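**Q** Below are the chains, spelled out letter by letter.
2 protein chains.
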Amino acid sequence: MASESEAQRALQYEQTLMYGRYTQDLGTFAKDEAARLRLQEGDAAVPRRPSELLEYTQGRCAPCRVCALQCQRFLISKVGEDWVFLILLGLVMALVSWAMDFAIATCLQAQKWMYGGLDTNVLLQYMAWVTYPTVLITFSAGFTQILAPQAVGSGIPEMKTILRGVVLKEYLTFKTFVAKVIGLTCALGSGMPLGKEGPFVHIASMCATLLSRFLSLFGGFYENEARNIEMLAAACAVGVGCCFAAPIGGVLFSIEVTSTFFAVRNYWRGFFAATFSAFIFRVLAVWNKDEETITALFKTRFRLDFPFDLQELPAFAVIGIASGFGGALFVYLNRKIVQFMRRQKTINRFLMKKRLLFPALVTLIISTLTFPPGFGQFMAGQLTQKDTLVTLFDNQTWAKQGINDEFEYLGILEAWLHPRSNVFVTLVVFILMKFWMSALATTIPVPCGAFMPVFVIGAAFGRLVGESMAAWFPDGIHTDSNIYRIVPGGYAVVGAAALSGAVTHTVSTAVIVFELTGQISHILPVMIAVILANAVAQSLQPSLYDSIIRIKKLPYLPELGWGHHEKYNVRVEDIMVRDIRYVTLNCKYRDLQQVLHSTKMKNLPLVESAESMILLGSIERTQVGALLSSQLSPQRRVMTLRQKALSEDGHRLSDPSIRFQISTETSSGTPARPALRKPLKPALKRVPSSPADSPPAGSADHAGIALKSLFCANAATEPTEAQGTAYQKAKRVRISIVEEMILGDKMTPTEILEWEEQQLDQLVDFSSAKIDPAPFQLVEHTSLHKTHTIFSLLGLDHAFVTSIGRLVGMVSLKELRKAIEGSLTGKGVKVRPPLASFRDSTASTTEADTTALRQLWDRHQHHHMPREAGPGGDDDDNTPKGQ
Amino acid sequence: MASESEAQRALQYEQTLMYGRYTQDLGTFAKDEAARLRLQEGDAAVPRRPSELLEYTQGRCAPCRVCALQCQRFLISKVGEDWVFLILLGLVMALVSWAMDFAIATCLQAQKWMYGGLDTNVLLQYMAWVTYPTVLITFSAGFTQILAPQAVGSGIPEMKTILRGVVLKEYLTFKTFVAKVIGLTCALGSGMPLGKEGPFVHIASMCATLLSRFLSLFGGFYENEARNIEMLAAACAVGVGCCFAAPIGGVLFSIEVTSTFFAVRNYWRGFFAATFSAFIFRVLAVWNKDEETITALFKTRFRLDFPFDLQELPAFAVIGIASGFGGALFVYLNRKIVQFMRRQKTINRFLMKKRLLFPALVTLIISTLTFPPGFGQFMAGQLTQKDTLVTLFDNQTWAKQGINDEFEYLGILEAWLHPRSNVFVTLVVFILMKFWMSALATTIPVPCGAFMPVFVIGAAFGRLVGESMAAWFPDGIHTDSNIYRIVPGGYAVVGAAALSGAVTHTVSTAVIVFELTGQISHILPVMIAVILANAVAQSLQPSLYDSIIRIKKLPYLPELGWGHHEKYNVRVEDIMVRDIRYVTLNCKYRDLQQVLHSTKMKNLPLVESAESMILLGSIERTQVGALLSSQLSPQRRVMTLRQKALSEDGHRLSDPSIRFQISTETSSGTPARPALRKPLKPALKRVPSSPADSPPAGSADHAGIALKSLFCANAATEPTEAQGTAYQKAKRVRISIVEEMILGDKMTPTEILEWEEQQLDQLVDFSSAKIDPAPFQLVEHTSLHKTHTIFSLLGLDHAFVTSIGRLVGMVSLKELRKAIEGSLTGKGVKVRPPLASFRDSTASTTEADTTALRQLWDRHQHHHMPREAGPGGDDDDNTPKGQ
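Line by line, the protein sequences give chains A and B. Numbered by numbering that gives the first Met the number 0, the letters in the first sequence go through residues 0 to 882 in order. Numbered by numbering that gives the first Met the number 0, the letters in the second sequence go through residues 0 to 882 in order.
Simulated from the structure, these hints should not be mistaken for laboratory data. Please read these numbers as outputs of a predicted model, since none were measured by experiment. Incorrect hints may have been included.
Said to hold, decoys possible - Derived SDA-like pairs: lysine to any residue, alpha-carbon spacing no greater than 20 angstroms straight-line:
1. LYS298/B <-> LYS552/A
2. LYS288/B <-> PHE301/A
3. LYS385/A <-> ARG300/A
4. LYS288/B <-> SER480/A
5. LYS288/A <-> PHE305/B
6. LYS288/A <-> LEU309/B
7. LYS298/A <-> LEU303/B
8. LYS298/A <-> PHE305/B
9. LYS298/B <-> TYR483/A
10. LYS288/B <-> LYS385/A
11. LYS298/B <-> PHE301/A
12. LYS288/B <-> LYS288/A
13. LYS288/B <-> LEU303/A
14. LYS288/A <-> SER480/B
15. LYS813/B <-> ASP796/B
16. LYS587/B <-> ASP764/B
17. LYS298/A <-> ARG300/B
18. LYS288/A <-> GLN310/B
19. LYS587/A <-> ASP764/A
20. LYS298/A <-> ARG302/B
21. LYS298/B <-> LEU309/A
22. LYS288/B <-> ASP304/A
23. LYS288/B <-> LEU309/A
24. LYS288/B <-> SER215/B
25. LYS288/A <-> ILE482/B
26. LYS298/B <-> LEU303/A
27. LYS817/B <-> VAL576/B
28. LYS298/B <-> ASP304/A
29. LYS298/A <-> LYS817/B
30. LYS288/B <-> ILE482/A
31. LYS288/A <-> LEU303/B
32. LYS298/B <-> GLU229/A
33. LYS335/A <-> SER480/A
34. LYS587/B <-> GLU755/B
Make a model of the complete structure from these sequences and hints.
**A** So, in structure tokens, the structure goes:
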């Protein structure tokens, strides 16, 4: 777990370190880490080598073996190369994708088989049809809930947040990977209208993280925060690429969906990995004899010579505009359903108790409605998602053309035929029913995406328009020598791209459909429809992913709208916070305390003096807290006491003081890093008896009375749930510290108070604190547009506003968000984050520091603040749960 | 020209202003400008309205007219919207592209017709075949040279530089537009192996600039530097898009080729404009009856059901790898030719005199070799580029398959058939000859690109491999029930994408070929080949565009290589310049003078004091110069003299002092802006007699003796060539200043020297100087990788290195380039920039200031520094030529 937390710290640093931070920053860390790894490797390999050589030179094929050894070493050194990593990632993801597809197909076939085998009794058939998906979805929801609740949902919104530099806890772990893969397989195997694209982006990202951690075991390369982000971006492309066998579309889609600024130098990574992945994915299909050779996933066979008439373009444009409205409606509906479920307290409380009831209920309703002998007959209910797409992209025209009704509904196409209604009715019912079903189904707490369901609805809508056009112009519009009939399948392709583009706010769905269908002849209609759909949808609603980001309250920065010129006129001075707290270079500890009291800012500016206000750097809130707590720490108190005692009486030096000496010695250099915990481990072993949940009641009075009020202000952060063994362990360590303190602490509370007052009047010694020497600065006249660009380019969280070195204000993501959205915040989503645990970007950049401070905080809270035990903790101050 | 220079200033600011700069920055400017525009509009419209209404209300259809008026106003307000601009841009570019294609086709047809008509006499035929292209190319070269030498070449390297934030002078003007369009049409009409893609990117960018300037006449929106860059990026996409009717490929190609970091929010702009443009471009073809409906430009008809066998993939991989080497060789060859031409002094001198000789000579050689009855018969010489591509993408197999030789060479395919050799020989000869021909032809100083020639060579190479495969496996590799023959046309598509991808270092050529051929069935082979080609080529040579950037010495930042881990270990402290000059807040003018003497840095750091070294901001060199010159200016001297005289004698106040009063009054607020020139215009009119090139010899001694040494250091910037009327005018103004000075200047040189020494000892008053209050800062531990990211993200030129507010060093583009390239600079290109005039990013951010200072500088140089008149000026200090 050590390497994991380091990797997370590295990721975490990315945001703040982008432009260089901390006198001892990650560069040093990486360097040291690399040196350490090499040293370890050296330890393991170099001493072995002479002995090996000695042994081998006595053998016959010694040169061969030496050569082999060198080859092996060379190969291991190559393991760190990017392309090896990308190939491995592509390979693994292709295998995962193929295996999942296979499992899903098996699940669906099982359902079909059950349903088919019971065709003697409709009731039994219904029971089988309904029970099967309900069981699967319930299992998926339960499994995910238990193993890793982070695996719920699409994953694209979270990946967007992570790629922005924010660390979401436990989002890229092996547990989540397992939960997502199994949960998704079950969810899709149930036949519900759910997609696999979003989850695949998440799975690929987890795969990349795990793989890079695995490869780092071989040495050769080390963790680097920038590299991690690059690899995650490539992984997102792989996710989409191997899901649809669409490398180009995958790369573009992942860029559009997850990035705000894209480094072109990373472009090839995505292409390379996604192509390799798509290639393997399709080769597996060939080897499995599913396909004769590598072709597209949903291959179409439209005619090449005259794909469409120029006069059909208005119809395509109509599809685009209608899809735009439809896409916006889908996003709106999806959000409203989530909000409704959360607001209805009675429903909510009931569902909270029986967490699996909601998924089961939704599945029951949907599968009842699609039951083929029932209402399902009007909406091609027995077709799976894949079959539906195959039929919708079909080359023939379904509607009757003129008198000669030459077309026969063969094979799976039969599903669309109903004896008592025509194909138009079936299509309309299908679209309407699937629309709300998909919007509802994607709110189920299982791993699932919304891309594919939307894609299918779009295809159906396109088909509907196409069939109408074919019925309207039975011999095509073109009235020249040749008769070119209208191809409704082409309309289905256009509709699919347009609706999915509208929901996700992407243009690259166009490329995805070309790669999915293997035909690019409809490029202009598709592009026109997708652009129109985007234009309409973007002006009405945020994208589905942004909507989820807002619902989940993930940190985000809204995009600037299409050509909003007024944004160029708003300037930083209009939106900045002027009244900010700061720390001066020559301040006292008392001032630090006051600053911590009066503000909740996570980064405090450090200025030369209150008069000059020259900005020297910024210091984190946690650092200030650490400074303060180390100044008022019982250890220091004990030390002064000892020193006084020592000067009075030289005889009392005994065992505890030696132990104490160790712990202060290590913690003097780096203020409150791991040092506080590590040297105390022996102490833990010696004092294991005290029960974890009842620390000595008197101890609280002994430590830091002046700190109390400070801790009261932060009482909201108290951990209320049991958080596994790590937490327990930390508590036990903490208690042992307390006990150790008591051993050497002979002061009365009044003396302590006096001592603390005295300490607070000392000048602050900043030498041990980490100060960001170059916080990002803006000037008052910077435009909002420019500020937005810089914030999204550098993934900033806040920036100080200066005027010739003087600090005049601050702008944070919040102000920027407010300024951009204006009225939007009014109707914005206000629900609680459904994520079990995530924390804000900079809240806990240095876990060790936080932990050290928290050890003191928690103790106080337990005794003085029991009333704050509710679940209403402030997100901003969320602490890392578990190590 | 005023608006042009403002627009350029705006663009110029972009680089330095990215993160906010100057107390009065562009935001203010834009705001003021918008207010002014609105005021003007208001002046013109609002007072008119009541009278109009008055008039109309008396008429019958008054409400209609009022409504129409409002509609008109509404429409005008919409003109500023982005989408209107993009539609117009797309429309214009489609028309330009189509018209040029039409003109080129006509030119080529004329040549064919001439050649065909003279088939009785081979000599006449040869004369016609050779003369026609020679005349066209010579005309193109001459026309471009005279009208706008900036139009020469591709344009993509320059656009890449411009999009990085650097201003290239006169690169986006109407003159260049005309030169490029006409020059390109002639060059392509000649039938030389030249392309139109690169120039189209340039043309579209110029079109966008001109269009935005045109639209700004209607008001509604105003120039904004960020918006300009966004629009230029979209324009690049349009350029490629309407050139190939490939909207998606166009967008991607333009991103890959011109950007290092791409804002995803600009993505839609490119897609929107490029789609619209491609659509109109193809619709024009339909309306012109060239096509029946909208289809791809080079439509292929490969079979859909079994596009290629899995076992053919190694052959595709071979194409990719070979193309990689070929692409690198092409770039190398191209650069070597340019370098050879420049190094050979005798050739060079001869060619310099007769500038048109080189193009004519090259054309002569190439057209002689392609003469169809001559050597051209072995290389399909009579085919135009377009016909060549059509034949290469042909569906049939050319090589004899087994015994039954059923294939007939029909139509233009005949060109590939030679009675005494087989198709393999023809293809090999074609590839070899075209390779060097294209590399040579693209060095001709006409507007031309290299994409299309390379594309054709790649297609031919692919075809060669394909034909070989077809000959090797006459019945296909697949040995199942069906016989699927090998499709050599598919290999040609793969080869074309791979070679053009290798030369340009892009992956998006894959998308371009799909859009060009209208088939996507070969997606995996194409992707694999393109990626392999890129991998090989990128490890051997820079891209063609980067190579040109280096040849032309445009400011650039090299890319970090593929996974160079050592880059993560280099840190800023290893590469930064430690010994930098700075300006302190409490320094004297003498210190300023010394700093200017000792460094050539364009931006000087301003620190609090030499002891604290706290960085307060940065000040431009020109600003420092302006401060110094205004302190030592004759005006101030005269003023002090007067004031002294005034206190002594109240009677001597006469006419010149009043005139003087005006000029100092206006120049007091803004230090040395236009103020210096404008109020002096009347003076110019009154003193027109002095000859322009012989200013009074004594005047130099009177002004700023202490400044002399300063100017000596900068003598290299002296303008040596006649620079048009603007320069003459400036000189005349300058002389009039001098003369005016003399009128009121009664000091002797010794007195002046004394006075100046006195002035230099005063403390500097920075209140009038523009200080960048937030220069970009790094810390010593920032890694090279991160520094590179930041420099390319923000388009930085330099950054200061600080340590808790203290200035410790500086990193500029130069250091960064050195650190990244390492040994590369050794073999780097050393030639002089062929561009007539371009200037560095920050050299002249404030033209007015520079001009004011230069007025003094030039005067001194003319008299004291005649020896510096050589052409070896330093690029860094290039001054704006012409106003």
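**Q** Run every hint past the structure and note whether it holds.
**A** Hint check:
no. : hint                  : in the structure
1   : LYS298/B <-> LYS552/A : violated (49 angstroms)
2   : LYS288/B <-> PHE301/A : violated (23 angstroms)
3   : LYS385/A <-> ARG300/A : holds (17 angstroms)
4   : LYS288/B <-> SER480/A : holds (14 angstroms)
5   : LYS288/A <-> PHE305/B : holds (14 angstroms)
6   : LYS288/A <-> LEU309/B : holds (13 angstroms)
7   : LYS298/A <-> LEU303/B : holds (9 angstroms)
8   : LYS298/A <-> PHE305/B : holds (11 angstroms)
9   : LYS298/B <-> TYR483/A : holds (18 angstroms)
10  : LYS288/B <-> LYS385/A : violated (41 angstroms)
11  : LYS298/B <-> PHE301/A : holds (15 angstroms)
12  : LYS288/B <-> LYS288/A : violated (46 angstroms)
13  : LYS288/B <-> LEU303/A : holds (19 angstroms)
14  : LYS288/A <-> SER480/B : holds (14 angstroms)
15  : LYS813/B <-> ASP796/B : holds (9 angstroms)
16  : LYS587/B <-> ASP764/B : holds (9 angstroms)
17  : LYS298/A <-> ARG300/B : holds (16 angstroms)
18  : LYS288/A <-> GLN310/B : holds (15 angstroms)
19  : LYS587/A <-> ASP764/A : holds (9 angstroms)
20  : LYS298/A <-> ARG302/B : holds (13 angstroms)
21  : LYS298/B <-> LEU309/A : holds (17 angstroms)
22  : LYS288/B <-> ASP304/A : holds (15 angstroms)
23  : LYS288/B <-> LEU309/A : holds (13 angstroms)
24  : LYS288/B <-> SER215/B : violated (37 angstroms)
25  : LYS288/A <-> ILE482/B : holds (18 angstroms)
26  : LYS298/B <-> LEU303/A : holds (9 angstroms)
27  : LYS817/B <-> VAL576/B : holds (12 angstroms)
28  : LYS298/B <-> ASP304/A : holds (9 angstroms)
29  : LYS298/A <-> LYS817/B : violated (51 angstroms)
30  : LYS288/B <-> ILE482/A : holds (18 angstroms)
31  : LYS288/A <-> LEU303/B : holds (19 angstroms)
32  : LYS298/B <-> GLU229/A : violated (37 angstroms)
33  : LYS335/A <-> SER480/A : violated (53 angstroms)
34  : LYS587/B <-> GLU755/B : holds (13 angstroms)
Figure legend: structure checked against the earlier numbered hints; hints not met, in rising order: 1, 2, 10, 12, 24, 29, 32, 33.
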